[in-house]
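*Asks:* Sequences listed follow chains A and B, in order.
Numbered continuously in this note's numbering, the first sequence closes out at residue 269.
Numbered continuously in this note's numbering, the second sequence closes out at residue 538.
FYI, nobody ran anything at the bench for these hints, they're computed from the structure.
Hints may be right or wrong, so weigh each one.
Said to hold, decoys possible - Covered stretches of chain B, as calculated for chain A (at least 3 residues, CB under 8 Å): (1) 300-311; (2) 314-321; (3) 510-523.
Said to hold, decoys possible - Short, incomplete list of chain A residues facing chain B, as computed with Cβ under 8 Å: (4) R41; (5) S46; (6) S48; (7) P150; (8) E164; (9) A266.
From a predicted model like this one, the values you see are computed outputs, not experimental measurements.
Heads up, the beta-carbon is just placed ideally off N, CA and C, and yes, glycines get one too.
Number of protein chains: 2
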Amino acid sequence: MSADIKPIGIFDSGVGGLTVLKVLRERLPGERFLYLGDTARLPYGSKSATTVRRYALNAAAHLVARDVKLLVVACNTASSEALGEVTAASPVPVVGVVEPGVRAAIATGARRIGVIGTEGTVRSEAYQRALARLAPEVHVRAEPCPLFVPLAEEGWGDHPVTDEIACHYLGPLLDWGAEALILGCTHYPLLKPSLRRVVGPKVMLVDSASSVAEAVTGDHSELMSPSRGDDGDVHIELTDASDRFLRILRAILGRDPEHLEVVDIAGVA
Amino acid sequence: MSADIKPIGIFDSGVGGLTVLKVLRERLPGERFLYLGDTARLPYGSKSATTVRRYALNAAAHLVARDVKLLVVACNTASSEALGEVTAASPVPVVGVVEPGVRAAIATGARRIGVIGTEGTVRSEAYQRALARLAPEVHVRAEPCPLFVPLAEEGWGDHPVTDEIACHYLGPLLDWGAEALILGCTHYPLLKPSLRRVVGPKVMLVDSASSVAEAVTGDHSELMSPSRGDDGDVHIELTDASDRFLRILRAILGRDPEHLEVVDIAGVA
Numbered sequence: 001m002s003a004d005i006k007p008i009g010i011f012d013s014g015v016g017g018l019t020v021l022k023v024l025r026e027r028l029p030g031e032r033f034l035y036l037g038d039t040a041r042l043p044y045g046s047k048s049a050t051t052v053r054r055y056a057l058n059a060a061a062h063l064v065a066r067d068v069k070l071l072v073v074a075c076n077t078a079s080s081e082a083l084g085e086v087t088a089a090s091p092v093p094v095v096g097v098v099e100p101g102v103r104a105a106i107a108t109g110a111r112r113i114g115v116i117g118t119e120g121t122v123r124s125e126a127y128q129r130a131l132a133r134l135a136p137e138v139h140v141r142a143e144p145c146p147l148f149v150p151l152a153e154e155g156w157g158d159h160p161v162t163d164e165i166a167c168h169y170l171g172p173l174l175d176w177g178a179e180a181l182i183l184g185c186t187h188y189p190l191l192k193p194s195l196r197r198v199v200g201p202k203v204m205l206v207d208s209a210s211s212v213a214e215a216v217t218g219d220h221s222e223l224m225s226p227s228r229g230d231d232g233d234v235h236i237e238l239t240d241a242s243d244r245f246l247r248i249l250r251a252i253l254g255r256d257p258e259h260l261e262v263v264d265i266a267g268v269a
Numbered sequence: 270m271s272a273d274i275k276p277i278g279i280f281d282s283g284v285g286g287l288t289v290l291k292v293l294r295e296r297l298p299g300e301r302f303l304y305l306g307d308t309a310r311l312p313y314g315s316k317s318a319t320t321v322r323r324y325a326l327n328a329a330a331h332l333v334a335r336d337v338k339l340l341v342v343a344c345n346t347a348s349s350e351a352l353g354e355v356t357a358a359s360p361v362p363v364v365g366v367v368e369p370g371v372r373a374a375i376a377t378g379a380r381r382i383g384v385i386g387t388e389g390t391v392r393s394e395a396y397q398r399a400l401a402r403l404a405p406e407v408h409v410r411a412e413p414c415p416l417f418v419p420l421a422e423e424g425w426g427d428h429p430v431t432d433e434i435a436c437h438y439l440g441p442l443l444d445w446g447a448e449a450l451i452l453g454c455t456h457y458p459l460l461k462p463s464l465r466r467v468v469g470p471k472v473m474l475v476d477s478a479s480s481v482a483e484a485v486t487g488d489h490s491e492l493m494s495p496s497r498g499d500d501g502d503v504h505i506e507l508t509d510a511s512d513r514f515l516r517i518l519r520a521i522l523g524r525d526p527e528h529l530e531v532v533d534i535a536g537v538a
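Looking at chain A on its own, in the form it has when it is part of the complex:
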């Protein structure tokens, strides 16, 4: 298969990474996409680095076997804890979400940047290290927000309870004087209405979806298909298809998926 018509592989622990797929599809309408959500084993964010690495390698191997031309690790926890291992094991280029998110945050001009994410993402210090490398003059502080993913999955992105929990988690970052906040988890954009109320109008909320699209089109333009004037197709594979995940999937895509399949990736490596 020529690189032109091979799909771009996108992988996330669940369906949150569809927020990244949506932006990529808008920017790259001629491309084919294969999205893999490891819904049978999610969440990754509360699990150990050892387990996250094993799962991420399974997922990458599955997508490589499906002949993708590029691999986007849309899961922040997997990008933070396993990008090196996945890149080393992959015969195709790999794009994570951490560095694009960091570049977008630096571009805001903020001098104090807060990072919020899962326990795994914060523990890994991947955002902190990337910020120190790309903008050593910037101050950074990170806080884990374990209840944000369940709240997003419950559909409570605009709910007084979410405001209260966000006050609890973000209070220390706001007191510290954060000027920009990296939403270091693909689920968090779903909480934007509540988060915006809590942080006020001045703090910039940075999500990595747009900057991931730039990393894909800018750094790997040789792999992209010339626009063929027709829409590329999107295949979605999940390791579990409970009603709950399908409901969230529809909420993010705004419609039913065209091609959806349940696959088993456990033990693939």
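Fit chain B to the given chain A structure using the hints.
*Replies:* Relative to the frame of chain A, chain B by itself:
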């Protein structure tokens, strides 16, 4: 190995089932216990019945291979969606948590019994069916409470936010006139301080831990060890040992575990 000195196997999706282990250990001080928490793949409650059955069969096969004399399915979701499959596949007797919880609720004399649990547990209708069979005169209503497990894991069992979320989930059951509430998930006893405030002093909160112990000692007395005057040992196996799970484990046990091992059960069947 004679049945006397074989361990009792207990299985849960995570560490919540340790609330059942604690009660069993108090009631059966001469027994050995082998506890398996499938922390690498939790939660089960939001996943499909197909996935829950596969995971429960993996876990049961792992414990049977470790030569347990009896299998306690401490996970409500697995008990609700996979008890039949696990029992059919197991060469040793299997005890679930649904029927013991239902018996305990009936024993309160309540005529209107509410059930709260994960989406999987409520969707399976296992509690509703058991109540209809054992006490057809009782009225039953079930509500899923997806945020309760994350709140328990966050250690927010006595927190104003938990009160608020509990009001949201339990309001319909209280308006309906529930006299007893079955806590149909091993994590929920950790939320008792908040739940008690929300339901008031008159509604009985029924958790299945004590009645599971009765089901084990009453129905399977021939398998129990005569008291040897010394404490039996407890081995804990987890499929993932993140700091988060170890923290919750210590909070439930009130101490460090004596024997803890990380095991891989994926694909065991």
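*Asks:* Which hints, by number, does the structure contradict?
*Replies:* As far as the earlier hints go, not one is violated by this structure.
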